[in-house]
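S.K.: Residue-level listing of the chains:
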Amino acid sequence: RKEVEQDPGPFNVPEGATVAFNCTYSNSASQSFFWYRQDCRKEPKLLMSVYSSGNEDGRFTAQLNRASQYISLLIRDSKLSDSATYLCVVSRRGTYKYIFGTGTRLKVLA
Amino acid sequence: DTEVTQTPKHLVMGMTNKKSLKCEQHMGHRAMYWYKQKAKKPPELMFVYSYEKLSINESVPSRFSPECPNSSLLNLHLHALQPEDSALYLCASSQVAELGQETQYFGPGTRLLVL
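Here the protein sequences line up with chains A and B, keeping their order.
Okay, so the first sequence: first residue is 4 according to my numbering, each after it adds one.
Okay, so the second sequence: first residue is 3 according to my numbering, each after it adds one.
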């Protein structure tokens with residue numbers, strides 16, 4: 004079993020839809036959680052950090068459930084420009100290792 | 003400024019060539035990383051430098067040789083690569099104040115093709 008798992012998708016949704024992605028992690032010592040977005044042939048860019056019970060940034064909401072060991076990303080009012088791969092990243096305190104999930108592809112359709 | 007720069011953007015090399023990839027950041031970050039990313043896969047960690055010292059080598063073949071000349075620069079020297087080494091090579095940096103809790107910032111990558 005991979006340490007960080009994501010549904011690879013693709014998720015095809017119409018503009019304006021709400022879409023949610025989940026990411027599960029297996030190591031209970033995991034400390035910090037991030038969502039990155041990666042456009043085709045580009046580098047990953049930080050979308051949100053998730054440090055405690057979750058946080059919101061505009062149309063994006065990230066939640067953390069430590070008991071069940073998963074984080075989620077909710078995108079409201081999807082835009083065409085949201086089409087990308089969303090990478091879940093998990094790290095452990097005191098290490099330099101950031102573990103990437105396989106990524107979830109999102110396509111927002113006009 | 004949260005910018006990490008990488009040169010070159012693209013590189014084509016033969017299996018007998020020697021080349022180097024360069025990465026630079028001016029954010030005062032003291033941890034720098036090399037990742038390799040194949041198509042439709044997530045980035046895979048190769049090396050981590052902390053305070054200019056090699057902290058992690060993820061069992062990378064010796065044909066890849068990292069170097070950290072100073073706190074702002076990170077190089078990856080390539081020699082006798084194989085076609086399967088063709089990939090996007092990403093550099094990243096982060097603070098080290100709270101290990102594992104700091105945000106990583108990625109450069110645009112070098113797209114490498116080995117013929």
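Any given hint might turn out to be false.
Claimed, not checked - A few chain B residues that face chain A, going by a derived Cβ cut-off under 10 Å, partial list only: (1) Glu-46; (2) Ser-88; (3) Ala-89; (4) Leu-90; (5) Leu-92; (6) Gln-106; (7) Gly-111; (8) Arg-113.
To be verified - Pairwise CB distance ranges, derived in the manner of DEER restraints: (9) B:Glu-54 to A:Glu-8: 16 to 26 Å; (10) A:Tyr-54 to B:Arg-65: 14 to 24 Å; (11) B:Thr-7 to A:Lys-110: 24 to 34 Å; (12) B:Gly-16 to A:Tyr-54: 29 to 39 Å; (13) B:His-79 to A:Tyr-73: 19 to 29 Å; (14) A:Arg-79 to B:Asn-72: 41 to 51 Å; (15) B:Val-98 to A:Glu-8: 40 to 50 Å; (16) A:Ala-20 to B:Glu-54: 45 to 55 Å; (17) B:Lys-42 to A:Ser-55: 29 to 39 Å; (18) B:Arg-32 to A:Cys-43: 30 to 40 Å; (19) B:Glu-46 to A:Gln-34: 45 to 55 Å; (20) A:Arg-44 to B:Ser-67: 22 to 32 Å.
Calculated directly from the structure, the hints in this document are not laboratory data.
Just so you know, even glycine gets a beta-carbon here, dropped at the ideal spot from N, CA and C.
S.K.: Now tell me, hint by hint, if it's right for this structure.
M.R.: Against the structure, the hints come out as follows:
1. Glu-46: holds, 8 Å
2. Ser-88: violated, 14 Å
3. Ala-89: violated, 12 Å
4. Leu-90: holds, 8 Å
5. Leu-92: With Cβ-Cβ at 6 Å, under 10 Å, it holds.
6. Gln-106: At 6 Å from the nearest chain A Cβ, Gln-106 (chain B) passes the 10 Å test, so the hint holds.
7. Gly-111: Gly-111 (chain B) check passes; min Cβ-Cβ to chain A is 5 Å, inside 10 Å.
8. Arg-113: With a closest approach of 8 Å, the Arg-113 (chain B) hint holds.
9. B:Glu-54 to A:Glu-8: 16 to 26 Å: About 35 Å separates the Cβ atoms of Glu-54 (chain B) and Glu-8 (chain A), which means 16 to 26 Å is violated.
10. A:Tyr-54 to B:Arg-65: 14 to 24 Å: violated, 39 Å
11. B:Thr-7 to A:Lys-110: 24 to 34 Å: holds, 30 Å
12. B:Gly-16 to A:Tyr-54: 29 to 39 Å: violated, 47 Å
13. B:His-79 to A:Tyr-73: 19 to 29 Å: violated, 40 Å
14. A:Arg-79 to B:Asn-72: 41 to 51 Å: Distance hint for Arg-79 (chain A), Asn-72 (chain B) holds at roughly 44 Å.
15. B:Val-98 to A:Glu-8: 40 to 50 Å: Check failed, 28 Å falls outside 40 to 50 Å.
16. A:Ala-20 to B:Glu-54: 45 to 55 Å: holds, 47 Å
17. B:Lys-42 to A:Ser-55: 29 to 39 Å: This hint holds: roughly 32 Å between Cβ atoms.
18. B:Arg-32 to A:Cys-43: 30 to 40 Å: 32 Å Cβ-Cβ, so the 30 to 40 Å window holds.
19. B:Glu-46 to A:Gln-34: 45 to 55 Å: The hinted range 45 to 55 Å is violated for Glu-46 (chain B) and Gln-34 (chain A), with Cβ atoms some 21 Å apart.
20. A:Arg-44 to B:Ser-67: 22 to 32 Å: 26 Å Cβ-Cβ, so the 22 to 32 Å window holds.
When each numbered hint is compared with the structure, violations occur for hints 2, 3, 9, 10, 12, 13, 15 and 19.
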